[in-house]
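Participant: With the hints as constraints, model all of the structure from the sequences given.
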Amino acid sequence: MAGLVELYQRRRAVEVADSDELDSSSASVVQAMGMLVLFGLYMIGVPWIGYLTSTLAFLMASGAWLGMSRRATLTLSVLLSLGMWWVFVKVLKVYFGHGWLI
Amino acid sequence: MDFFSSLSQGFASLGTWPIAASLLIGAALGIVVGVLPGVGPGVTIAVLLPFTYGMAPLAGISLLLGVYCGAFYGGAVTSILIRTPGEASSIMTMFDGYPMAKSGQAQRALSLAFMSAFVGGIASALLLGLAARPMAGFAARFGAPESVMAIVLAAVCVGKAYRKQFASAMMMMGLGFFLATVGIDPNSNEQRYTFGIAGVLSGIPLVPVAVGLFGMAQALVMVSSPVPSFDASLIQNAGLSWRGFMEPFKYPKAMAKGLFLGSAIGVLPAVGAALSTSLAYFWAQRGAKDSTPFGQGNPEGIVAAECANNSNSGGAMITVLTLGIPGDAITAIIMGVFVVHGIVPGPSLFMDRPEIINGVLASLLVINVVILALLVLTVKPLARLAYVNPRILGLAILALCFVGAFSAANSMYYVIIAAIFGVLGLICARANIPTIPLILGMVMGDTLEASLRQAFGRSEGAFNPFWERPVSAILLAITVLLIIWPWLSGLFAKRVTPYENNSLHHR
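Chains as they are written, first to last, in the working numbering: chain F, 1 to 102; chain S, 103 to 609.
Since the hints were derived computationally from the structure, they do not count as laboratory data. There are no misleading hints in this set.
From chain F, some residues computed to sit far from chain S (all C-beta separations above 10 Å):
| # | residue |
| --- | --- |
| 1 | Ile49 |
| 2 | Thr53 |
| 3 | Leu74 |
Computed from the model, here is a short list of chain F residues facing chain S with C-beta under 10 Å:
| # | residue |
| --- | --- |
| 4 | Leu22 |
| 5 | Ser24 |
| 6 | Ser25 |
| 7 | Ala27 |
| 8 | Val30 |
| 9 | Ala32 |
| 10 | Leu38 |
| 11 | Tyr51 |
| 12 | Phe58 |
| 13 | Ser62 |
| 14 | Ser81 |
| 15 | Phe88 |
| 16 | Leu92 |
| 17 | Val94 |
| 18 | Gly97 |
If you want the footprint, here are the derived chain S segments under chain F, 3+ residues with CB under 8 Å:
| # | region |
| --- | --- |
| 19 | 317 to 323 |
| 20 | 533 to 545 |
Ideal Cβ placement from N, Cα and C applies to all residues, glycine included.
Facilitator: Written out as structure tokens, the structure reads:
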């Protein structure tokens with residue numbers, strides 16, 4: 001309750017630089033929200049489509065949403081999704097369910 | 103068992119391939135994480151936590167300790183070379199490191215920082231070895247009322263550490279305590295706050311909460327923040343100088359100040375390395391040997407800050423091992439490794455599993471040596487990691503958070519919890535509400551509840567044991583004093599002011 005009251009009154013109580021807390025002062029809420037939506041779709045996609053394809057699609061869509069260059073997006077998506085699929089699915093045998101693709 | 107035999111047993115327990123490999127990987131990963139922009143040890147440890155479940159306890163703990171200590175060293179690289187602290191605790195190193203690098207002494211600044219951090223790390227590990235056993239002996243006399251009061255005092259210390267955000271820190275701590283009660287009541291076997299959801303019957307698991315609050319929230323901030331620009335010309339000058347390595351020993355006072363404050367503040371819950379480095383830096387200014395002004399490349403500023411920074415690790419582990427009370431978010435997550443393997447941190451650990459205690463002590467010593475060796479070999483290419491786009495890192499962390507949360511129980515339910523806490527972490531970051539107390543509350547919640555029940559069970563619901571038992575009464579008195587201190591100090595100030603006014607008037 002006291003915390004909620006303090007939140008209401010908060011104007012002076014910001015000392016992020018001196019702590020290990022996350023500083024989001026320069027973050028764009030719209031971009032973060034968009035990323036959350038994409039992450040939600042990714043969560044639905046993994047058991048339905050498959051881990052590798054969903055990760056690839058998630059990274060490509062995220063790169064496009066964040067305005068990264070096509071080359072960087074494609075390189076990151078292909079390398080990271082293949083790398084993670086090999087490490088987690090093939091080596092560590094994490095079972096993500098049967099999707100209709102890989 | 104004396105200190106040296108404990109130490110030799112600890113070194114022996116590190117002599118297996120899985121533990122040695124996890125120690126090396128953790129140390130290397132920690133340095134990389136410290137250098138990478140925007141990624142902190144908290145994120146990495148949260149994401150790595152599920153992967154430690156399949157390891158031997160000491161291997162898992164060594165991996166996470168490696169990341170924890172490595173990040174302290176790595177954070178200095180970007181602070182000195184590009185004026186961008188990798189961690190909040192590296193800000194003070196930047197004040198003198200960057201001007202030194204700018205005047206063509208980057209190698210000297212880096213060597214000074216690494217050797218000071220090394221001395222801090224080794225000294226704090228030795229302090230852990232020397233202080234932990236007597237402290238555990240004292241804590242072994244704690245009954246349920248003392249345990250309750252120790253946790254309450256720790257909770258108040260956490261709130262106090264957030265100064266003006268005291269109430270919201272306590273609110274988050276309370277939320278953490280509340281979340282720890284969700285699930286089946288261990289005494290009556292009745293459901294508590296489950297709202298009929300089958301998934302929460304066994305409680306809200308720590309792993310997805312840590313992954314969400316620290317991993318996802320951090321990744322979401324990284325991808326949605328503008329890419330910072332910096333002068334990269336100094337990165338080419340990265341390197342080390344042997345003369346710089348020996349230089350910290352010319353300033354024993356600055357070193358001692360850093361060591362004292364780092365270790366002492368490390369023991370206090372939630373105060374964190376950032377504050378200890380600031381205090382050590384300002385303390386080192388008094389009576390400095392070097393005539394260069396602070397903030398313009400004074401080596402003593404770097405020595406004090408880095409010594410304090412890295413000596414936090416040993417101090418923070420003391421309370422975890424002896425009392426089962428984590429000093430910060432990272433040690434709270436490391437405590438998760440103990441809990442998952444059925445090891446209860448606290449005084450009984452010294453009797454039941456001495457190999458873990460000795461192993462932690464030895465691994466802290468070895469980790470610092472490994473990190474320094476790795477830095478000597480790789481500092482030049484490592485510094486180039488500062489070029490990596492934080493948005494790319496954020497995307498990779500988001501993808502890893504998914505796997506990290508999922509693989510903890512091979513369940514999408516864990517990913518959903520991580521996503522919920524990721525959103526909460528982001529909201530809290532936007533509103534400047536601290537999230538570290540929530541994790542601390544969750545970790546300490548179970549012990550608090552069990553001790554509270556035990557205390558009330560024995561006293562038949564009476565509060566008397568809390569002030570009738572001497573240790574509990576002292577802890578209670580300190581807690582009350584901490585809470586009423588702002589009011590008391592205000593009262594003193596009011597009494598002093600008229601007197602001062604009068605004396606000024608008479609002059």
